[in-house]
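Spelled out, the chains give:
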Amino acid sequence: MDFFSDALKLYFAGIHYFFDPTMILLVLLGTIVGILNGSIPGLTSTMGLAVFTPLTFGMNPAKAIVFLIGIYQGSVYGGSISAIIVNIPGTPSAIATGLDGYPMCQRGEAGRAIGFSTVASFLGGLIGIAALTFTAPSLARVALGFSAEEYVALVVLGLSIIAYISPGSLLRGMIAGTLGLVLGTVGQDPMTAYPRFTFNLIGLFSGLELIPALIGFFGVTEVLNQIGKKSAIRVFQEFKNIIPGLGVIARLWALILRSSLIGVFVGATPAAGGSIAAMMAYGVEKRMSKDPEKWGKGTLEGIIAPESANNASVGGAFIPMLTLGIPGDPMTAVLIGALMIHGLKTGPVLFTAHADFVSSIFIGNTLSLIFLLILGLCCARYFAKMINSPSYILMPLILAFCMIGSYAIRNSLFDIYVAVFCGILGYLLNKVKIPVAPLTLGLVLGPMLEENFRRVMILSEGKYTTLFTRPISASILMITVGFLFYPHIRSWFKKKKGGQRM
Amino acid sequence: MQKRDIFTAVCMLLIGGFIYYDSLKFPMPVEYLKFGGGAASYPRLLAVILIILAVLLLKESRALLKARRGTEEAVSPRVRDLISGSLTFILILSLAYSYIIDFIGFRLGTFLFLMAAIFKLKGAKPALSSVLSVVGLSAVATGVIYALFHLLVRVPFPVGKIFGG
Chain A
1 MDFFSDALKL YFAGIHYFFD PTMILLVLLG TIVGILNGSI PGLTSTMGLA
51 VFTPLTFGMN PAKAIVFLIG IYQGSVYGGS ISAIIVNIPG TPSAIATGLD
101 GYPMCQRGEA GRAIGFSTVA SFLGGLIGIA ALTFTAPSLA RVALGFSAEE
151 YVALVVLGLS IIAYISPGSL LRGMIAGTLG LVLGTVGQDP MTAYPRFTFN
201 LIGLFSGLEL IPALIGFFGV TEVLNQIGKK SAIRVFQEFK NIIPGLGVIA
251 RLWALILRSS LIGVFVGATP AAGGSIAAMM AYGVEKRMSK DPEKWGKGTL
301 EGIIAPESAN NASVGGAFIP MLTLGIPGDP MTAVLIGALM IHGLKTGPVL
351 FTAHADFVSS IFIGNTLSLI FLLILGLCCA RYFAKMINSP SYILMPLILA
401 FCMIGSYAIR NSLFDIYVAV FCGILGYLLN KVKIPVAPLT LGLVLGPMLE
451 ENFRRVMILS EGKYTTLFTR PISASILMIT VGFLFYPHIR SWFKKKKGGQ
501 RM
Chain B
1001 MQKRDIFTAV CMLLIGGFIY YDSLKFPMPV EYLKFGGGAA SYPRLLAVIL
1051 IILAVLLLKE SRALLKARRG TEEAVSPRVR DLISGSLTFI LILSLAYSYI
1101 IDFIGFRLGT FLFLMAAIFK LKGAKPALSS VLSVVGLSAV ATGVIYALFH
1151 LLVRVPFPVG KIFGG
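Same order as they appear, the protein sequences are chains A and B.
Residues in the first sequence are numbered from 1 upward in steps of one, following our numbering.
Residues in the second sequence are numbered from 1001 upward in steps of one, following our numbering.
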């Protein structure tokens, strides 16, 4: 019983923040911005978060985080709108939604598809928050005993994500990750303060400013990609019957629960985000379905499974971010950067030193889901209209936002150059098929790795075996090895099984 | 495709080589920090890793290029395919914007940036209504950004040296 009452106590510890109506308005505004951002093809959740982070600098940390949470939840859901009505997923996490959503739209059932996607996102998101509320405090208590060795092991685990977020080639992902680690060394050495790779530019002495770099890699790069494309997307649709029947939802409760749990698990694993969660839930439910042949032709289950999973993964992604301080995906990497600007470091200490702030994250997520449900059911048709906004207006506006946002962090024109430089670098890397996400992971985790590893070496007088003799760090390193070799082991077993059948 | 990979690998080799070379200038660690290595040890390690990865990419690409020589896949896209006219214009415009707002100020700089970018991407015809709509849109967007960042978040924007800022 203590477990439940402690979790609930933590959940409501920051309720006083929400007596201020601007907090609620900020969640609402964030959710609207998120849905619009997610529903426009080409604007990803990460980009939305990166571009709007500078707007939060003048706010207190609680207001800033609830606004960004609104954008996060909203854009993960918003991606389904364009996936359903134009068969172009607004965000990667909506790829699976389009498989059945678009065929429904072609049958004239776009409204119904959006209605069910909204309710599934809401329910999945709630299950994600419940998982976050009940598991995070216990995990944070364990993490409080972590020292430099454990942090090194955790960063290595975080970097192993590269193996999973490198589409096509692991080698390219590793090159990108190493480039990110290299960019993380720019600035003063953490131990001796010697300036490294600064080219005598004062703006680089404190390192490559994280938020302008992330704005560049996600925002500016995406704008350049869109401008580089020749064709614009303009499809017009009409839709009705948005509010779904409760009977169908009740009939599919087991599917929603299963898919949401998959979402929480995948989201919490520092390897993947909503896109993998949604694809996995789609695959599992199709395999379990009595009529698998109907999937891909416009079945409701094919929309509900991925949509519950991708919004549940948001709650899951907050678990490693809040308790261990490691980003599970690029979105949480941006959120960690945003919190750093506000002087808050994610990790187990956050739960003891700023319990009310952690609570504002839980409540903010819940409120955002409620707004998402209302907005999705009442205003989906208006959001859909945004999909047809001409890119010649949107792209310059986003670019201006990226540059001004970068400037706003330190009121430094130099940071605009950082954003533009990172944007060009990201664009060129995309063109040579080097993925940008592993690079940003290296950039975020690199300084943490160097500082903690060197601390371990100094304290242990050069004995790196201490990393393997401490039980928690050894366990984390073993998990990392398992994580890296799991796909190979799985394919080996599959091959063996196939060979036996032959 | 594979030619592009060879180019990428060569670039990574150069970056790795530069990092290693530059780190040679870094000072040695002081006695009590010697186990943690100096400022050079970590970047040097990364440089070596980058060089190894670049060599692996080079090897992989050369093998693929050899296997597919003469086929369509071996043809490398040209630089002009990577950088279109609009893209080059927007890139130059962005760099110019970040340089020029110190002189002409945020409001005029952002207005001109938006107007030029929208004109270029729209491929606007010189019709008066089209020009007016782009000018109006740029002015409204500048106003909205100014209100959000300056009035709401209190970001002090450069007034512009030519306006006495």
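Honestly, I wouldn't trust all of these hints.
[To be verified] Far from chain A by the CB rule (all over 10 Å, computed), these chain B residues: (1) Thr1008; (2) Gly1017; (3) Ala1063; (4) Leu1091; (5) Ile1101; (6) Gly1105; (7) Leu1114; (8) Ala1127; (9) Leu1128; (10) Val1131; (11) Leu1132; (12) Ala1141; (13) Val1155; (14) Phe1163.
[Said to hold, decoys possible] Okay, the calculated bits of chain B under chain A, using three or more residues with CB under 8 Å as the criterion: (15) 1033–1047; (16) 1052–1061.
Please keep in mind that the hints were generated in silico from the structure rather than gathered at the bench.
Idealized CB from N, CA, C, for every residue including glycine.
Here is how each hint holds up against the structure:
With a closest Cβ-Cβ approach of about 4 Å to chain A, Thr1008 (chain B) is found to fall inside the 10 Å limit, against its non-interface label. For Gly1017 (chain B), the non-interface assignment is confirmed: its Cβ lies about 12 Å from the closest Cβ of chain A, beyond the 10 Å cut-off. Even its closest Cβ contact with chain A, about 13 Å, leaves Ala1063 (chain B) beyond 10 Å, as expected for a residue assigned away from the interface. The Cβ of Leu1091 (chain B) sits about 7 Å from the closest Cβ of chain A, inside the 10 Å cut-off, so the non-interface label is violated.
Interface exclusion of Ile1101 (chain B) from chain A breaks down, the closest Cβ pair being 7 Å apart, not more than 10 Å. Look at Gly1105 (chain B): its CB is around 12 Å from the nearest CB on chain A, clear of 10 Å, so calling it non-interface holds up. At the 10 Å boundary, the C-beta of Leu1114 (chain B) falls inside the reach of chain A, the nearest C-beta of that chain being 5 Å off. The Cβ of Ala1127 (chain B) sits about 16 Å from the closest Cβ of chain A, beyond the 10 Å cut-off, so the non-interface label holds.
Against the 10 Å criterion, Leu1128 (chain B) stays outside the reach of chain A, whose nearest CB is about 19 Å from its own CB. Every C-beta of chain A lies more than 10 Å from that of Val1131 (chain B), the closest at about 14 Å, which supports listing it as non-interface. Non-interface call for Leu1132 (chain B) relative to chain A: holds, since the shortest CB-CB distance, roughly 15 Å, exceeds 10 Å. Not every CB of chain A lies more than 10 Å from the CB of Ala1141 (chain B), the least distance being 6 Å, so the non-interface label is violated.
Residue-level check failed: Val1155 (chain B) sits 4 Å from the nearest beta carbon of chain A, not beyond 10 Å. Remark: the non-interface label on Phe1163 (chain B) is consistent with the geometry, its nearest Cβ contact in chain A lying 16 Å away (cut-off 10 Å). For the region 1033–1047 of chain B, the stated coverage by chain A holds: 10 residues have a C-beta nearer than 8 Å to a C-beta of that chain, and at least 3 were required. Taking a C-beta to C-beta cut-off of 8 Å, the region 1052–1061 of chain B contributes 5 residues in contact with chain A, enough for the three needed, and the coverage statement holds.
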